[in-house]
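Enquirer: Start from the sequences, fold in the hints, and give me the full structure.
From first to last, the protein sequence lines stand for chains A and B. Going letter by letter, the first sequence gives residues 0 to 314 in numbering that gives the first Met the number 0. Going letter by letter, the second sequence gives residues 0 to 481 in numbering that gives the first Met the number 0.
Hints were generated in silico from the structure; no laboratory data involved. Hints should not be assumed to be uniformly reliable.
Keeping only pairs whose Cα atoms sit at most 20 angstroms apart, straight-line, the calculated EDC-like set for lysine to aspartate or glutamate is [to be verified]:
(1) A:LYS3 / B:GLU68
(2) A:LYS215 / A:GLU141
(3) A:LYS6 / B:ASP180
(4) A:LYS1 / B:ASP180
(5) A:LYS1 / B:GLU44
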Amino acid sequence: MKAKFYKNIGVFVVILLGIFFAIDWFLAEGQRNHYHSANSKMRWILEDHSIDPEIMIFGSSVAENGLDPEVFEKRTSKKTYNAALAGRRIQDWCPLAFEYLDYTQNGDLIIFTVFPNTFNKSETIYLPHEYYPYLGNKHVAEALSDISPIYEKIAYVPLYRLNHINSSYIKNALQGWQVKMGKHQSLGTAITGFSPSASLEFKTTEDAKVPVDTSKVVTDIYEELMQRAKQKDLKVVIVATPVYYEGMTQFDSVEVVYNQCEAWAKDENVYFFNYAYDDELVKSKDHFANNTHLNRDGARLFSIKLAEQLKALKN
Amino acid sequence: MLFNSITYLFFLPLVFILYYEIPQRFRWILLLIASYTFYMWWKPEYIILIAFSTALDYYLAKKIHSSEEKRRRRLFLGLSLLGNLGVLIGFKYFNFITQNINLVGMKFGHELDLPVLDIILPVGISFYTFQTMSYTIDIYNRKIKPETHFGRFAVFVSFFPQLVAGPIERASNLLPQFAKDIQFNYYQILSGLRRVLWGLFKKVVIADRVAVLVNHIYNDPDQQNGLTLIMATYLFAFQIYCDFSGYSDIAIGSARMLGIDLMENFKVPYLSKSIGEFWTRWHISLSTWFRDYVYIPIGGNRVVKWRWYYNLMFVFIVSGFWHGSKWTFIIWGALHGFYLVMERILKVGDKKKEYGGIGGVLRIFIIFNLVVFAWLFFRANSMHDAVFILQKIADVSTYHFDITLLSESVGGIPAVTVPKLLTTLGLLGLFVGLDMFWLNRKVKDKFLSQRRWLKWSAYASVIFIIMFLGYSGEVEFIYFQF
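Expert: See below:
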């Protein structure tokens, strides 16, 4: 009786696990091949290690649509890539930066962008499934685990991510398989990593107050990245992105963020360029898509100004 | 440890395998270690309360049994009740009592400032204290003899499948089973596994998905209108049923895998044709506990009418209070007491009478709605919220449906979208269908007599649904807070 039971249950579990692992692999492989810009960046950096410029930019959407690598390349003559990821905070974009710092051979300068509530701690991840194909990467697993226990389980318990899939993941996977089979090929904005705002028009956002915090968890990640970059002999540049001056009133006690960056500049031997109050940029609505995000024109001006500062650094 | 956690997924098979590998005389040790581990996974220090309750009742039960003099027997029983109720009141009701005394004091211009303790309610305290109290009361009433094996008694108090949310077992049913030499029974174990699976489906696929909607609406009723509040109240009826009966299914199934039979706790309660019948189908282990240890001792229905009605009201108010130290639970209990009294006065709840056809359906409909109305108080975060929700529901002019009322942002993604809502409602429909389907003995037997591959495919389908459509995350069972 006992042997029969264990045999039947064993066969059932093996078949079931086989099916689950097959589905899991199918979805992750599809997601890995999806052509959306963020997916390409993740794969190229986390797996292929094929992005190794001299200037590397990390951050969230304010960096992704505010800094144009082509402008940097023209002005500094250095190969540049924008690895910033929209919708993400340092807690979940840091795996890319750590991975890059592990493998880079050509790196000369690394840029970390900050914005008013950049040091707020986050307990959720925007589109977590984009990380599912890379859970085997130690930086990804560690970063996700630090965000919440749920992501920790996703990172370390096999198949657990299947309980956390959504329709976007399935859709991406199917589209990814089309790419894999050569039916769809579009790298889009992933080539330079720069993803400018589609519209030039300023979009008013809610004027609700946004709390500004300095979480040690977050500042520790910045500090660790700075240390790792310096160990690799990379210059570290922290850039506060421009914020439309009227929109800045949305953020409470924003100075703590910029003061922290200034303190790093002083103590950690890194550079800090603060564009949050740059009058030429922040006083005109024509440069913004909304309070915190530059439009195409603003991005061009911002990139030129920053590139010139970097050029000066070089010399 | 939660039944719906990965830890339990490994814990139960491990206990199961060891259980059938060791001789019967050592099994109590395994069950005790397993049960204490299960409990300590949550908050290790609170195991002391279980150990205290175990030692106290083991000792006092022996004393009660060996004493011939009624006064001494009463004294030992009193000590047992005092010990158990003392722990229960100290941890569960102390703050409620002092807060209310302070409020009354303030009304009369006195600043009493009685202390409010910063303590966490020990999970399952209401369940295991009631279980041990029933043991000493049964010994006092000479219904059972005291257990002589301390280890087995400790397992009776802490048996992990039913430790934190019941069913509240009787010593006469559970204790002898720990002494039996239980053999490996293929069909019983499979039946246990099926039950666990069904319970998980109810909890993870129905209750936890529905909870997203209900919590969103009930936690911010100000942003809602009468229509969405009504919807949430009906959905809560299914949430709590699936949550609690799901827990009971997993408990019964887990125990059955170990060859131990626990009592049934639910029998499709929403098909009841009277409130009296509802309470023979809903949380049966608690309602029979109150019947045997409160209602009957205070006279039951063998008293004058007004006293009978008083007894009913009293038992249900106490039952409401058992659920938690909040006025909303007391009102919920009182409402059920009132329904029952009205049934008795109007003589509309005759259990012996068969209500078939349209009349029967109409009765089910009315009883279901009365129960749902009471759930409103049970779910509301406070009395203020309950009254506010009732006022909103009464204001028909505000009724409209807008999906944005139901969506909340989690990591930039709305928690409730139209496809998610439709999936949840679809799964709820599937559950109701399956629940009714399973009621029919013929259908059940027919399924069980199908070919093996067909049955196992059905089990695999349920596992697939749990895996892919079950709510992500490990959400506590509602009855853990009681």
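Enquirer: For each hint, tell me whether it holds in the structure or not.
Expert: Hints, one by one, checked against the model:
no.	hint	in the structure
1	A:LYS3 / B:GLU68	56 angstroms, violated
2	A:LYS215 / A:GLU141	17 angstroms, holds
3	A:LYS6 / B:ASP180	24 angstroms, violated
4	A:LYS1 / B:ASP180	16 angstroms, holds
5	A:LYS1 / B:GLU44	38 angstroms, violated
When held up to the earlier numbered hints, the structure conflicts with 1, 3 and 5 and fits the remainder.
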